[in-house]
Amino acid sequence: MLEVKDLHVSVDGKEILKGLSLTVNAGEVHAIMGPNGAGKSTLSSVIAGKDGYEVTAGSITFEGRDVLEMEIEERARAGLLLGFQYPVEIPGVKNIYLLKAALNAQRAARGEGEVPAPEFMKRVKEKLAFMKMDPSFLQRAVNEGFSGGEKKRNEILQMLVLEPRLAMLDEIDSGLDIDALKVVAEGVNSLRSEERAVLMVTHYQRLLDYIVPDKVHVLLDGRIVKSGDKDLALELESRGYEWVQEESAA
Amino acid sequence: MSDKTQPSAEQRFLEKLKAREAVRGAEPTWIAARRQAAAARFEAIGFPGRRVEQWKYTDVRRIRDGEFALADDADFSPAQAAALTLPIEAIRLSFVDGVFAPELSDTGALPAGASVEPLTRALADNHEAVGAVLGRLTGVEFSPFAALNTAFAEEGAVIRLAPGTVVETPILLQFLSRAGERPVMSHPRVLIQAGARSQATVLEHYVGDPTAANFTNVVAEAILERGALLTHYTLQESPLDDLLVRSLQVEQGRDSRFTSFTVNLGGALVRNDLVADLNAQGAEANYYGLFFAQGRQHVDNHTLVNHNAPLTFSNENYKGVLDDRARGVFNGKVVVKRDSQQIEAHQSNANLLLSDRAEIDTKPELEIYADDVKCSHGATTGQLDEDAVFALRARGIDAQTARGLLTLAFAGEVMEKVELDAVAERVELTVAGKLPERFNLGGLVEAALLDEQAFEEASGHDRND
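Which chain is which? The protein sequence lines are A and B, in order.
One rule links them: number in the numbering used here = place in the first sequence (from 1) + 711.
One rule links them: number in the numbering used here = place in the second sequence (from 1) + 12.
Isolated chain B, as found in the complex (with noise of 0.2 Å):
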């Protein structure tokens, strides 16, 4: 690097990744390849433009602008770690920006067949095993962000499930960001392996220190062969000055079904993308998104299903809620392969603004070049009814907690496909928590589930539904 000319940000992205390999220990010839390729792929396109229609309504200076450091331990408080880790039975890996933790992690409950390691471990074990597939369905020309990943990627999860393999226990990749001296980056890497009619549930769950201020970019792939059965949920409660961008590509054999739930209510710029291939008969996919912004947040969600053969489904449901100035942004894109016939594919987004200085982009986009198919789609965007609110006033409810119960019953009509109950809660108390303190509703959703408890048990046998 000339001494008279600034760096370009890619360029100072990449120096970290020479001082690392300065430490790094030597690896195998395959992996210190893909990351010359990567880097070279990556100060090449550089980080994305407004231009680019990809990133049209995302702006990532944030991101290009930032200095971030890498984390050289996995150091937190396990106080804190336990305050901030969700309260369900779980396989759980937890990484601590992007350093895999060892000590809040616990792969105790896995079953025969199915196996739950940090990447380091996979790669230490059976390096070629995992080169095989890491980075099939992702490569460097996905995005910027994921050639970035692959340059950087040392650390993620490898869960691994050999055929009719049942994971009851949900697992969960646990995603801690940490308030330090200078924020810091991670490039994790995800890969999930279903075999044939093997079922699992992975939960990705970032959290951190409410002052946190980090970078993460995690690039995450699932292969679903024939009749696996996969549930995926992303709860994202990252730190408010949080940078995230991810991506999940999942490519489903026949009869496989993949169900995506993704959940944002945190950080500061949110990017998700979500990508199936439905690659034979029987495919299906189900996206169920919830986004929920305040202050100046922004949420971008872009996700894509392709119907590569016939008699293959999906289905999409996301749900967006914003206030102050927050933004979000939906775009969510169906393509339908020629020949790819009786194929059913549905599509919805409906967003509630909150206030008038909200924004939402939403942009459904169907691609179909098929004649004998079943599609449709929807975008919704208002207000809360009014007609609804006086109604509750009118029973004594204040105006903001006739307005904050409204959103939840607006959000709420996602959260009702989650089976992970303890999920459905935390969510449910988030969002309200999270709802402007005077909205003041944590009390009451608290109350009204005990309720709903007292009831069930007070009515016993006696109830018929």
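Looking at chain A on its own, in the form it has when it is part of the complex (with noise of 0.2 Å):
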């Protein structure tokens, strides 16, 4: 399904990503793990689209196309979709309004017309009740004033009306307490299918409690030193980053 091949990116002329490598099939749940400035958030952020990364080699292939040529929105209405670290506030523009949009833009790429209110209300009312928030919320504008909590429940939702591909989610639990991190979790496993896929970019093994991972790579300096299964994730809890840093320079 994504295909990254020997990727290099440079921000402000520093290079980020110095060659990695990573192949997600549909079904599968990878979780990406790395101390701060490994370059975790740089690769969700090169495969959404957001400027100031300049690729200067390798590829990106979803689904057999070339990531890289596709334009921010292309990219989301082919079913790749970011949850961000720190979603953006935007006054003035309802919840509403952009899942409708979103979800429009994403049906007109396909050749399907609008949805249907009543079928829109329906399934983004189902999806809230899930997320256990408010129908209130859809009439507040995106993210604005939102805690921690309710901005990445928020992203969460918006996968969940959008049902992307591939959901990309970075650094989703951070902010989080014990409650809303259930309640996203559960967002995010309701997401798994034999036609889809998850790749997480965390911190800490504790996520990994709730979304069980099928792959778990470790990003060490801009490459993939190491991966496994989820027994990885829980041995790098314990022993830390230290050991795989030796194993791969040996």
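These aren't lab readings, by the way, just hints derived from the structure by calculation.
The structure displayed is predicted, hence computed values, not measured ones.
Ideal placement from N, C-alpha and C gives every residue a C-beta, glycine not left out.
Some hints could be false.
Within a straight-line C-alpha distance of at most 20 Å, the following computed SDA-like cross-link-like pairs (lysine to any residue) qualify [claimed, not checked]:
#1 A:K862 with B:D399
#2 A:K862 with A:S752
#3 B:K345 with B:Y69
#4 B:K429 with A:G803
#5 A:K843 with A:E861
#6 B:K429 with A:R851
#7 A:K941 with A:A737
#8 B:K386 with B:E296
#9 A:K729 with A:A961
#10 A:K761 with B:A411
#11 A:K716 with A:S732
#12 A:K862 with B:D397
#13 B:K30 with B:Q48
#14 A:K716 with A:K926
#15 B:K386 with B:Q354
#16 A:K761 with B:Q412
#17 B:K349 with B:L378
#18 A:K761 with B:G192
#19 A:K862 with A:R950
#20 B:K345 with B:T271
#21 B:K386 with B:S360
#22 B:K345 with B:R63
#23 A:K761 with A:V722
#24 A:K843 with A:G860
#25 B:K345 with B:D383
#26 A:K937 with A:R950
#27 A:K761 with B:D397
#28 A:K941 with A:R907
#29 B:K30 with B:S20
#30 B:K345 with B:D399
#31 B:K429 with A:K716
#32 B:K28 with B:D85
#33 B:K429 with A:E855
#34 A:K761 with B:T271
#35 B:K429 with A:A852
#36 B:K429 with A:P802
#37 A:K761 with B:Q395
Which stretches of chain B does chain A cover? Using the computed rule of at least three CB atoms under 8 Å from a CB of chain A, they are [to be verified]:
#38 400–406
#39 421–432
Both chains come to you apart, so use the hints to assemble them.
Written as structure tokens, this is what we have:
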């Protein structure tokens, strides 16, 4: 589904990713772990198309398409969605506007007509209930005045409504208390299916107790240096990253 | 006039007055005298040049150098008028190129104690009563355009509310601009007399043939007696070649409240002056404004609040969106007179520039001669938040729609205060429709409005906000 090959990325002339390769298949949940500054957020930002990242070598393909040649919105419409670490506040734009516009843009890209209002409302209300969010929230401006936890729930709500093929979650657990973490994790788990994949970037093993990954990768200094199953995360939790560093240097 | 020298622009305008006098019937002495004095004043001071501080950023040559006839009928296709008319239940007076159009007017819903009449009828009924008030707030010295208006004015609206009268239905003054063989000018007057504790909503709506290119020069005055509540809307959707100069001066008595919404979407050259005199304690003025200009449109808003008494309050929020090579001017002045203690005055102007070549000149002015006051003012000008643009695109919304949504959101803050839903929706749709075509928002906004309705119906009583 997603194929990242020998990716080199620089920010302001400084190389952050130094030959990262990664394959994510449909049906899989991957977790990328690593210390601060390893390049975790850079990877998801580059895939989503954020400005300021220069790809100097390598490739990213998504279902056979060259992602780096696609506009930001094309990537999203193709089913590549990024859940932000710091969701931006958008005063004056109601959540319902955003959801509706985003869903219709995705449908239009597939050659489908606009979603009928009753169907749309039913879907949104179901997902809201699932995320334990009040319906009044739809009439509020996107993320404006939201707590950290509400912002993260909102990211997941958007995912549930838009049903991405590949959901990328950038530190989705940061700033969440345990109850909010459970709700967010349930939301992500509900996205899991044979046709979909999830790529999580996280600092903490804690998230992986609730969203159990199929594959865990260790990102150190711009490269994936070790991959394993969920037990690797537990090992990282108890032993830290140093041993991986030493192992990869050896 | 000598046939050797070219007449001045002012003389060219005043020739039209002479021609009009030749065909107009006799008028009461005071009106004739006032016209004469106003014409003399206008000829003496002339059109304002850029060196006049009040007109520093607004070049009126397009008016000065224009050739404008006076309209002598109010013929307008009823179908077209219907399409242009705001879809709200209203007490309505319509003017076509400044001429009263009875067949496009309807004052049937007026309650007892209220009168809404064309100026011509009010003068015919009792010209002394009108003359005692008309021009009291806006004299010929206010501006050259006020003098020009006073010299020419024959038409307009007179709204009178007896003490305690509450008019629930909005009073709509519709000014229709027609595309004709040659451009015309009109000089309407509006007079609002709101008696003690009366309440009303008055809406001036400027709209017309898209290809019209006329000059409209309005002088409006409103007198609010003790406890009167007046909400005044100006919805300016003039044809894009129209020239519009208008002023509204308000005099406020004790505990009166005046709320103004000035929305400018159309016109080639537009100047609005808004002045409130808060003359007794408890008087409150709220000014809300939105201007959206593109192409080479020029929109100038000059506002003034005079805190002439202690315990008076004013609040102002104007927002501007400028695209292409459009130019906006905001000059907001607040004057707190000596001994006007315990007043509160807040002002803000925020502008959004969508193009590098758009320009805004914004100037807040505070003159405070009292010491126990609470005042704030601020002006900001910026571009769209690119992080927000990215966040929307990252959900699949194309860049132009994302920019359009954010622009609407910026403008929306002012519109939230609008109490007439039909006006708020009209503005929202018009702003969306007027955004450059590439923004393509019309359908989206319409759909979202429908969704809100569907949402409200679906949620029913379980909604707790």
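Results of checking the hints against the structure:
1. A:K862 with B:D399: Holds: K862 of chain A and D399 of chain B sit about 15 Å apart, inside 20 Å.
2. A:K862 with A:S752: Since the Cα atoms of K862 of chain A and S752 of chain A sit roughly 18 Å apart, the hinted pair holds (cutoff 20 Å).
3. B:K345 with B:Y69: OK: K345 of chain B and Y69 of chain B at ~16 Å, within 20 Å.
4. B:K429 with A:G803: holds (13 Å)
5. A:K843 with A:E861: Measuring from Cα to Cα gives roughly 10 Å; hence the hint holds.
6. B:K429 with A:R851: Holds, at roughly 16 Å.
7. A:K941 with A:A737: Given that 20 Å is the threshold and the Cα spacing comes to 18 Å, the pair holds.
8. B:K386 with B:E296: holds (14 Å)
9. A:K729 with A:A961: The given pair, whose Cα atoms are some 18 Å apart, holds under the 20 Å limit.
10. A:K761 with B:A411: Between K761 of chain A and A411 of chain B the Cα gap is close to 13 Å, so the pair holds against 20 Å.
11. A:K716 with A:S732: holds (4 Å)
12. A:K862 with B:D397: Distance ~18 Å between K862 of chain A and D397 of chain B Cα, so the pair holds.
13. B:K30 with B:Q48: holds (10 Å)
14. A:K716 with A:K926: holds (17 Å)
15. B:K386 with B:Q354: holds (7 Å)
16. A:K761 with B:Q412: Answer holds: K761 of chain A to Q412 of chain B is near 17 Å, not above 20 Å.
17. B:K349 with B:L378: holds (11 Å)
18. A:K761 with B:G192: Cα-Cα ~53 Å, so violated.
19. A:K862 with A:R950: violated (32 Å)
20. B:K345 with B:T271: Measuring from Cα to Cα gives roughly 17 Å; hence the hint holds.
21. B:K386 with B:S360: Between K386 of chain B and S360 of chain B the Cα gap is close to 14 Å, so the pair holds against 20 Å.
22. B:K345 with B:R63: holds (19 Å)
23. A:K761 with A:V722: Holds. K761 of chain A to V722 of chain A sits at ~11 Å (cutoff 20 Å).
24. A:K843 with A:G860: Holds - the C-alpha atoms of G860 of chain A and K843 of chain A are around 12 Å apart, at most 20 Å.
25. B:K345 with B:D383: holds (18 Å)
26. A:K937 with A:R950: Answer holds: K937 of chain A to R950 of chain A is near 14 Å, not above 20 Å.
27. A:K761 with B:D397: holds (14 Å)
28. A:K941 with A:R907: holds (19 Å)
29. B:K30 with B:S20: Roughly 15 Å separates the two Cα atoms, so the pair holds.
30. B:K345 with B:D399: violated (34 Å)
31. B:K429 with A:K716: Distance of about 54 Å is beyond 20 Å: violated.
32. B:K28 with B:D85: holds (16 Å)
33. B:K429 with A:E855: holds (19 Å)
34. A:K761 with B:T271: Since the Cα atoms of K761 of chain A and T271 of chain B sit roughly 44 Å apart, the hinted pair is violated (cutoff 20 Å).
35. B:K429 with A:A852: Judged against 20 Å, a Cα distance of about 16 Å means the pair holds.
36. B:K429 with A:P802: holds (16 Å)
37. A:K761 with B:Q395: Given pair K761 of chain A, Q395 of chain B holds - Cα atoms ~19 Å apart, limit 20 Å.
38. 400–406: holds (count 6)
39. 421–432: holds (count 4)
Consistency note: the structure conflicts with the earlier hints numbered 18, 19, 30, 31 and 34.
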